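Enquirer: One-letter residues, chain by chain:
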Amino acid sequence: MGPASLDEALVKAAQGGSAEAFSRLVERHQQAVRAFLRRACGDWAQADDLAQETFLAAWSRIGRLKAGASVRAWLCGIGYNKHLTAIRSAGRERARGAAYEADREVSLEAAPEDRLALERAMAGLPAEQRACVALCLAAEFSHAEAAEALGMPLGTVKSHVSRGRARLLQALGECDDAS
Amino acid sequence: MTQADERVKALFAMDEPPARDAAFATAVMARVMRRRFQEDVAMLCAVSLGGGVAFCAVWPTLQPALVAISQGLAPALGAIALAICLMVILGGRPSADLPLGS
Numbered sequence: 227m228g229p230a231s232l233d234e235a236l237v238k239a240a241q242g243g244s245a246e247a248f249s250r251l252v253e254r255h256q257q258a259v260r261a262f263l264r265r266a267c268g269d270w271a272q273a274d275d276l277a278q279e280t281f282l283a284a285w286s287r288i289g290r291l292k293a294g295a296s297v298r299a300w301l302c303g304i305g306y307n308k309h310l311t312a313i314r315s316a317g318r319e320r321a322r323g324a325a326y327e328a329d330r331e332v333s334l335e336a337a338p339e340d341r342l343a344l345e346r347a348m349a350g351l352p353a354e355q356r357a358c359v360a361l362c363l364a365a366e367f368s369h370a371e372a373a374e375a376l377g378m379p380l381g382t383v384k385s386h387v388s389r390g391r392a393r394l395l396q397a398l399g400e401c402d403d404a405s
Numbered sequence: 002m003t004q005a006d007e008r009v010k011a012l013f014a015m016d017e018p019p020a021r022d023a024a025f026a027t028a029v030m031a032r033v034m035r036r037r038f039q040e041d042v043a044m045l046c047a048v049s050l051g052g053g054v055a056f057c058a059v060w061p062t063l064q065p066a067l068v069a070i071s072q073g074l075a076p077a078l079g080a081i082a083l084a085i086c087l088m089v090i091l092g093g094r095p096s097a098d099l100p101l102g103s
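Protein chains in written order, with my numbering: chain A, 227 to 405; chain B, 2 to 103.
Hints were generated in silico from the structure; no laboratory data involved. Quantities reported herein were computed from a predicted structural model and do not represent experimental measurements. We put the CB at the ideal spot given by N, CA and C, even for glycine. Warning: the hint list may mix true and false statements.
[As the list claims (entries may be wrong)] Restraint-style ranges between C-beta atoms, simulated for each label pair:
no., chain 1, residue 1, chain 2, residue 2, range
1, A, A370, B, V54, 49 to 59 Å
2, B, A24, A, G294, 30 to 40 Å
3, B, Q64, A, G294, 49 to 59 Å
4, A, E339, B, A47, 52 to 62 Å
5, B, G51, A, A271, 40 to 50 Å
6, A, G289, B, C57, 31 to 41 Å
[Claimed, not checked] Residues from chain A shown here face chain B by an in silico Cβ test under 10 Å; the list is partial:
no., residue
7, A261
8, W270
9, W285
10, D340
11, M348
12, E400
13, C401
Construct the entire structure; sequences and hints are all you get.
Expert: Set out below in structure tokens:
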């Protein structure tokens, strides 16, 4: 059974109320959702909290997931909305900004220079651009898949990825061969 | 994909969470189960409350009928209750031929 058909079988079982099937979906997709949220919001601890809330929301909404839809894209879409909601609460945004900078100083102290440059460049991107870059450049989503997950027009996603990629390459001191 | 893209991707891969993380999956499922339990309790409370209100509403009509029926059915209901009690008590005893000792 392929990954897509296995997902479909698990979703069907979870829609029937099987917690075991949902648990397997969590195991299969936790890495993609957490990686996306880590890159989208920068704060790993908050990213993991958001990932938990994402799966909790997914459990409540699993009945609405259409047959054949990409589970990974659907989960990342829920995660992105959770991330935006967190950003919109002004107090948390300020706190996160401060926490983000503090966290970078500590966790990246011993990290390679390139990684530090990438993290800083990512932190400097607008939230939408960061999400598009996290999905398309880091997680190998197609532009169409990312557009579906993030609820953005395809052209917007392409533009965000292109601009974000240019900023990242600039930060890493790479020349942009594709442009 | 250009070499620069490969480099970006490799750098992103450095902060990838583990493919299997039992602690995370367990934490998620604990929250899911807690949510499910809360929903079940909320539904049971709502049904009980609704049932109680409905029962109170129909009680004035129901009471005379129940009194009339109970007078006729009391001996039969008593016998059934006794039989059920006996079945539960005797059914709960270990059978004499069970290998309890060596």
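Enquirer: Hint by hint, say whether it matches the structure.
Expert: How the hints compare with the structure:
1. A370(A) x V54(B): 49 to 59 Å: Since A370(A) and V54(B) have Cβ atoms about 53 Å apart, the given range 49 to 59 Å holds.
2. A24(B) x G294(A): 30 to 40 Å: 32 Å Cβ-Cβ, so the 30 to 40 Å window holds.
3. Q64(B) x G294(A): 49 to 59 Å: holds (57 Å)
4. E339(A) x A47(B): 52 to 62 Å: Since E339(A) and A47(B) have Cβ atoms about 59 Å apart, the given range 52 to 62 Å holds.
5. G51(B) x A271(A): 40 to 50 Å: holds (43 Å)
6. G289(A) x C57(B): 31 to 41 Å: Holds - the Cβ-Cβ distance for G289(A) and C57(B), about 35 Å, lies within 31 to 41 Å.
7. A261: Holds - the Cβ of A261(A) comes within 10 Å of chain B, reaching about 5 Å at its closest.
8. W270: Because about 8 Å separates W270(A) from the closest Cβ in chain B, which is inside the 10 Å limit, the hint holds.
9. W285: This interface hint holds because 5 Å falls under the 10 Å limit.
10. D340: The hint holds - D340(A) has a Cβ within 10 Å of chain B, the shortest such distance being about 6 Å.
11. M348: holds (9 Å)
12. E400: holds (4 Å)
13. C401: With Cβ-Cβ at 7 Å, under 10 Å, it holds.
The structure shown violates none of the earlier numbered hints.
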